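All chains, please: the whole structure from these sequences, using the hints.
Protein chains in written order, with the numbering used here: chain R, 52 to 163; chain A, 87 to 197.
FYI, nobody ran anything at the bench for these hints, they're computed from the structure. Note that this is a predicted model, so its numbers are computed, not measured. There could be a bad hint or two in this list.
What the hints assert, rightly or not - Just the calculated beta-carbon pair ranges, DEER-fashion:
#, chain 1, residue 1, chain 2, residue 2, range
1, R, Leu163, A, Gly102, 43 to 51 Å
2, R, Thr78, A, Ser91, 29 to 37 Å
3, R, Val95, A, Lys153, 21 to 29 Å
Claimed, not checked - With the Cβ distance kept under 10 Å, some of the chain A side facing chain R (calculated, not the full set):
#, residue
4, Gln92
5, Thr117
6, Lys130
7, Glu144
8, Ser180
9, Gln186
10, Phe187
11, Gly189
Claimed, not checked - Not close to chain A: a few residues of chain R, all C-beta gaps over 12 Å, as computed:
#, residue
12, Asp58
13, Pro59
14, Glu66
15, Asn69
16, Ser75
17, His108
18, Gly110
19, Thr118
20, Ser119
21, Lys120
22, Ala132
23, Ser137
24, Asp143
Even for Gly, the Cβ is constructed at its ideal location relative to N, Cα and C.
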Amino acid sequence: SQQGEEDPQALSIQEGENATMNCSYKTSINNLQWYRQNSGRGLVHLILIRSNEREKHSGRLRVTLDTSKKSSSLLITASRAADTASYFCATDGAGTASKLTFGTGTRLQVTL
Amino acid sequence: DTAVSQTPKYLVTQMGNDKSIKCEQNLGHDTMYWYKQDSKKFLKIMFSYNNKELIINETVPNRFSPKSPDKAHLNLHINSLELGDSAVYFCASSPRQGRQFFGPGTRLTVL
Numbered sequence: 052s053q054q055g056e057e058d059p060q061a062l063s064i065q066e067g068e069n070a071t072m073n074c075s076y077k078t079s080i081n082n083l084q085w086y087r088q089n090s091g092r093g094l095v096h097l098i099l100i101r102s103n104e105r106e107k108h109s110g111r112l113r114v115t116l117d118t119s120k121k122s123s124s125l126l127i128t129a130s131r132a133a134d135t136a137s138y139f140c141a142t143d144g145a146g147t148a149s150k151l152t153f154g155t156g157t158r159l160q161v162t163l
Numbered sequence: 087d088t089a090v091s092q093t094p095k096y097l098v099t100q101m102g103n104d105k106s107i108k109c110e111q112n113l114g115h116d117t118m119y120w121y122k123q124d125s126k127k128f129l130k131i132m133f134s135y136n137n138k139e140l141i142i143n144e145t146v147p148n149r150f151s152p153k154s155p156d157k158a159h160l161n162l163h164i165n166s167l168e169l170g171d172s173a174v175y176f177c178a179s180s181p182r183q184g185r186q187f188f189g190p191g192t193r194l195t196v197l
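Pasting the structure below:
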């Protein structure tokens, strides 16, 4: 299967705590992206990290990329109830055509 | 204004029917996509078009036929619907490479 793996499959934390999600993939990439999906809704792009970058920040989000291990992590700091959603990593494979291969997703529940 | 829109939002139909889902983007992107998300939330690319030209076709049954009348539209026609076609179908668009903008999805239920 070309599907990437995400870990954990589900994560439940309290508001204010940090949430870390991991993603592993199998092939060479141009970039890796993280998306959020609220229940019953479309996907919203969070952050993109290129294959030559190791770390990127955006607000409360921190993404790392280790191409030698073919893995990435997404850290959400100071989580809020509104962060409750499913989070997907997606790799854009090496090549000229943009083709996202999505991971299996992590379901994050943030409780008050 | 919605960047990527899909119609209909919900589609319930009988096995064997033919149906279409429409997608439009007003972002001026050259590339559009169709994805299928199954009941386990696995999301998989089906097709990609760049400037009305098919560039990605992922082992999708030929009952599925995408059509791009212009670069702002990418429609998906499905013939002879089967139970296994039940899923949420997402349209997306992007510049040549980079982040993708997703539509709200079309939930297809085949009875």
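Where does the structure disagree with the numbered hints, that is, which hint numbers, in rising order? The structure breaks hints 23, 24; every other hint is satisfied.
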